[in-house]
Structures are given as C-alpha cells and as structure tokens.
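So the protein lines, in turn, are chains D and P. Using the numbering used here, you'd call the opening residue of the first sequence number 347 and step up by one each time. Using the numbering used here, you'd call the opening residue of the second sequence number 2 and step up by one each time.
Mixed in with the good hints, there may be bad ones.
Unchecked claim - Cβ-Cβ distance ranges computed for the label pairs, FRET-style:
id	chain 1	residue 1	chain 2	residue 2	range
1	P	Phe197	D	Ser357	37 to 43 angstroms
2	P	Gly279	D	Gly455	36 to 42 angstroms
3	P	Ala186	D	Asp362	26 to 32 angstroms
4	D	Val363	P	Ile154	58 to 64 angstroms
5	D	Phe454	P	Gly31	37 to 43 angstroms
Hints were generated in silico from the structure; no laboratory data involved. Every residue gets a Cβ at the ideal spot worked out from N, C-alpha and C, and that includes glycine.
Next come the chains, spelled out residue by residue.
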Amino acid sequence: MRDIIKIDHLSKSFGDVKAVQDLSFCVKEGELFAFLGINGAGKSTTINIMCGQLSKDDGKIVIDDADLDSNLDHIKRGLGVVFQNSVLDSALSVYDNLQSRAALYGLFGSEFKKRLDELAKLLEFDDLLKRSVGKLSGGQRRRIDIARALINHPKILILDEPTTGLDPQTRKNIWRVISDLRRTENMTVFLTTHYMEEAAEADYIVILDGGKIAAEGTPLMLKNTYSQDFITLYGIDEEKVKALSCEYEKIRDAFRLSVPNTAKATELIIKHPDLFTDYEITKGKMDDVFLNVTGKKLEGGTVK
Amino acid sequence: MKTIFAMIKRNMKLFFNDKGMFFTALITPGILLVLYATFLGNIFEDSFYAGLPDTIKLPEKVINGLVGGQLISSILAVSCVTVAFCANNLMVQDRANGSIKDLTISPVKSSRLAISYYVATLLSTLIICLAAAGLCLVYVGANGWYMSVSDVIFLLLDVVLLSFFGTALSSVINFFLSTQGQISAVGTIISAGYGFICGAYMPISSFSDGLQKVLAFLPGTYGTSLVRTHSLRGALAEMQSQGVPAEIVGSIQDSLDCNLYFFGGQVSVPTMYLILGGSVAVLVGAYVLMNAMKKRV
Chain D
347 MRDIIKIDHL
357 SKSFGDVKAV
367 QDLSFCVKEG
377 ELFAFLGING
387 AGKSTTINIM
397 CGQLSKDDGK
407 IVIDDADLDS
417 NLDHIKRGLG
427 VVFQNSVLDS
437 ALSVYDNLQS
447 RAALYGLFGS
457 EFKKRLDELA
467 KLLEFDDLLK
477 RSVGKLSGGQ
487 RRRIDIARAL
497 INHPKILILD
507 EPTTGLDPQT
517 RKNIWRVISD
527 LRRTENMTVF
537 LTTHYMEEAA
547 EADYIVILDG
557 GKIAAEGTPL
567 MLKNTYSQDF
577 ITLYGIDEEK
587 VKALSCEYEK
597 IRDAFRLSVP
607 NTAKATELII
617 KHPDLFTDYE
627 ITKGKMDDVF
637 LNVTGKKLEG
647 GTVK
Chain P
2 MKTIFAMIKR
12 NMKLFFNDKG
22 MFFTALITPG
32 ILLVLYATFL
42 GNIFEDSFYA
52 GLPDTIKLPE
62 KVINGLVGGQ
72 LISSILAVSC
82 VTVAFCANNL
92 MVQDRANGSI
102 KDLTISPVKS
112 SRLAISYYVA
122 TLLSTLIICL
132 AAAGLCLVYV
142 GANGWYMSVS
152 DVIFLLLDVV
162 LLSFFGTALS
172 SVINFFLSTQ
182 GQISAVGTII
192 SAGYGFICGA
202 YMPISSFSDG
212 LQKVLAFLPG
222 TYGTSLVRTH
232 SLRGALAEMQ
242 SQGVPAEIVG
252 SIQDSLDCNL
262 YFFGGQVSVP
272 TMYLILGGSV
282 AVLVGAYVLM
292 NAMKKRV
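Here chain D stands alone, though its shape is the one from the complex (with noise of 0.2 angstroms):
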C-alpha cells in the first residue's frame, strides 16, 4: 500500500500559540486513519493545511503524489471533507446544495444526476432531496453532509468528528456506509474523533497532545504499549483472588484483574490452572491509552 498523505515537519503558529510542531506522519491508501486528541491539540489546523484553507510555517504536505505548495487544485479535487458543523446552505434545499457544490467539481446535467441517484441510494435520501437542509434533524443533515464530501468522487475522506451529537443508531448508519465505501471504492478514510471506540476500529492511530505527536501506531500497538490487560475472572472467592498477587476490583458477579500484558496473563493461567476455569482476557481500552498517553481523559470532546 502506497502512503497517500505524507506529512512531513509541518510546523504552523497563530502568534505565539505553538498550533502544529514538527509533525509527519503517513497515510497508508484505503486505510482508516483517526487522529485523536483534545480541542486545541492541532487536529483542525492540520486538516485546515491539508485542505488548502490554511497556510502552513513550515514543513512538507504531499497528497496523493502532489505537492501541497505547487499542485493544490490536484489535492482538493481528490477530497471529500465532512466538517464539524455542517456548513451547507440552510434555506436551500438539498438538492440545491448538492447542485450547486457538483458545479464546484465540473459536474453538471445528466453527470450530476447519476452521481446524485448514487448518493441517494446509498445514504438513503431520496425522500429528503425537496426539503431545506436547515428542517433537516442532526442525523439527516450529518447524512446530506457526507453526501457532498462525496459529490466528487474523492480519494480520500476527511471526517472532522462526524458522529458528535448523533443518537447511537445514526452514528451506526453513517459507519456502515463508511466502511462499504472504503471496502468498494478503497477510499482512505482521515478521522478526527472524540468518541474512543470510533477511534478503536481505525487501522492507525495518531495521538496529538499540545500540536505534537505524543504516540502512534495501530490500537493494538497502543493498547500493547500503553495499556494494559484484564482478567475477568468468574465463580471465585476473594481470598483465592487475593492469593494471586495482582492488582483488582470487585465487578458484581466476578473481579477484573490488572495484569501489565497478555504473556503475564498466560503465565498465571498456567501457574495456577484451577482457579482459571470461568475467564476472559480482555485488552485495555483506547480510553486507557489516551489516558496513559496525555494524561486528560476525553470525554465528548472535553478533557475531564
């Protein structure tokens, strides 16, 4: 898989406020990328550079084999960006809106009309396309909305925390186009989240603290690196628990206990193979990575 974004030492400052600081990092093609971090940790800047809407201090941007510096139309017509609040136009109807971003692409008539019945089919609007975006609901809207990041074929996705607000159902619906998307059409996908289990299901994971990289590699890396391994362990007494010198707590009908890695949980195992009859081995979450990581616990968006 080639790298299809290739960020290399972009620095960006808004005064002295240090936004971006020497990050790169790549983009593997059709892969799902999630960018995690607090508001203010440098994830919007750097999306905002990748787009053209920002200028950048220093470093080097290159999108699918084009420069930012020199090829940028090339760049945007190979992206699709969902943004954190919907920026379509509220007293227009939806298939105005639609209308009038494909003019922005070159796509007029019966093209549009095609690309149009396609979207509409696969995020299920056809029944919304006469109503004004602004009667839409959050889940609805969210759904018109990644149909113009869409309009032009892109190669790549850019989600700016696209799910925040949604009800579960909804959040589940837009994932479920997403991933045929990236299955049909290979499309890399570039997340920005609050919501950490989103963040789970990504193939490589970025952590910015404060406009740096503070960790990054896949979740099982991070969670390996950065997180630790759970025994649950049911139909035991406390005393025999306790016998096993771990760290735990009590859960209603069984204890978690804290082991640093998976090696560590299958040498207990074997050492002690009948207190292990009812179990399960679980990895540590991505909550515990950010937390480990940062030192914040984000929740919504909001460090706590």
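Dock chain P against the given chain D, drawing on the hints supplied.
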C-alpha cells in the same frame, strides 16, 4: 463559466429565499417612498412655492411633478446603494457561518467565487431597484407626469449604473467583513449616512462650502445628480414654458443639485457618467485585485 453561473444561481436563490434579507432590501425603497410622500412632500411643495415670485402662478400639477421627481430621485439614488449592500451581505454571511469553507475546499478559484458574488448582487439589486423605479414612475404618473421617453430611458440607465456602483462599493467594503455584527454595523452606517453624503436626503447645495467641496470628490453625488436631472427635466421644462424665467429655473436646478460644481466649475452630464462609470471600473478593479492578492492566513 458554467461553474460561475451555478454559483450565481446559488447566491441569488439564497438571497431570494432568505425572507429577512430579501424583504429588508425590497421594503427599503417602499418605506422611503411612503415616508417621503407623507412627511416631506408638503415641505418640498412649500419650498418650491416660496422660491417663486408672487407674479407667477403655476398649476398644482407642475409643482406635484417637481416634488414627485425630487422624491423619486432621492429614493432611487439611495436604494441602488443600500439594496446592493443588503444583497451583498450574503458574501459576509458565507464567511460568518462557514459556508465559504465548503466552497473554497473545491478547486474553484477564489476570483471566480468573487465574480459570482458580484454578479448575483448586481442582478438582485437590479431586480429590486428597477421594480422600485417602476413603482416610482407610477407615483410620478399619478401626481404630475412631465417626463419624456428619453428621460425615462436615462433614468433607468442611471439606476443601472448606480446599481453597478453600489454593488462595486459594497463588494470592496464587505471584502473586509466577516461577522454578523460587522454586517449590522456597516448596514446601519450605510442606511443612515449614504443618503446624506450623496445628496439624496438633503441637496448638497444646502451644505457649507467646505463640505460641498469635500462631497464633490465622492462619485455617489454625481449618481444622485444624474437621477435628479432626468427625473426633474420635464417638470422644469414645463415651468419654463409656463413663463418662469430661465434664471429662476436655473437656480432651482442649482438648489436641487441638478447642476453640480467641482471647485466652481459646472460638471456636465457626460462628465458625470464618466465619473460614475470610472468609479465602477476602479472599484471592480480593486475588488478583483484584492481577491487575487488575498493570502491564506
């Protein structure tokens, strides 16, 4: 080109779909007409009678034609600019609500977007101001019609030219705005102030010498004078044919700003067209340059 047309269509749809923006723009000339006719009509009429020698008795219709001409010229001169500002608010609103980001992430050049805002504002302004001009002509027709076909054609030409001017001026000023608060502030200043500095609310001839000299540098004053010249020409000619001496008619023309003076020298009608046309060209050029030189932050 098709992209520019699509964006013009989008901008105009947004303007005419936004009831608030559209009605504010449309209602301005209407309210001005009602206010002028209700409160200022009699004052204008009395001042005309006061300016005439006692020996001359003019039919009421001529005075009504004169008053009507003055009213509609004031309304149209102001409306072409205020309506343009109102229509061009869309450009600022796009920045304020972030829609502009959705347009600029596409490969379309910002100069094309700038052209689409300009043309859409111009068309919206023309639609409203030409409709207002029609309404004004009906008003004059009902009160005292002395305008010739050429007067009407020139009056409409003046409205078109002033709409070009208003659109260009609003494009240059709105280029620097990016919030709703700034839109409101500039809208208020323009609505309240432009009518005075262009000589629509009060003739420039009634201002002090120093102020008259300063205002002579503003191109909008020549636009007002053109509209006034063409809306009053017929009524003034009728006065003269009814026996009012040419000197008195001339002094009325001076007092109503049909004649404008630049440091003592009278500015001819063709020169006024040149000044207004030139100003439009300079403002549009500045707008294009500003967009071309605009850098990302």
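Each hint, compared with the structure:
With their beta carbons about 51 angstroms apart, Phe197 of chain P and Ser357 of chain D fall outside the hinted range of 37 to 43 angstroms. Under the hint 36 to 42 angstroms, the C-beta atoms of Gly279 of chain P and Gly455 of chain D, about 41 angstroms apart, fit the expected range. Range check, Ala186 of chain P to Asp362 of chain D: Cβ separation about 29 angstroms, and the 26 to 32 angstroms hint holds. Our hint of 58 to 64 angstroms for Val363 of chain D and Ile154 of chain P holds, since their Cβ atoms are close to 59 angstroms apart.
Restraint check, Phe454 of chain D to Gly31 of chain P: a C-beta distance of roughly 38 angstroms satisfies the suggested window 37 to 43 angstroms.
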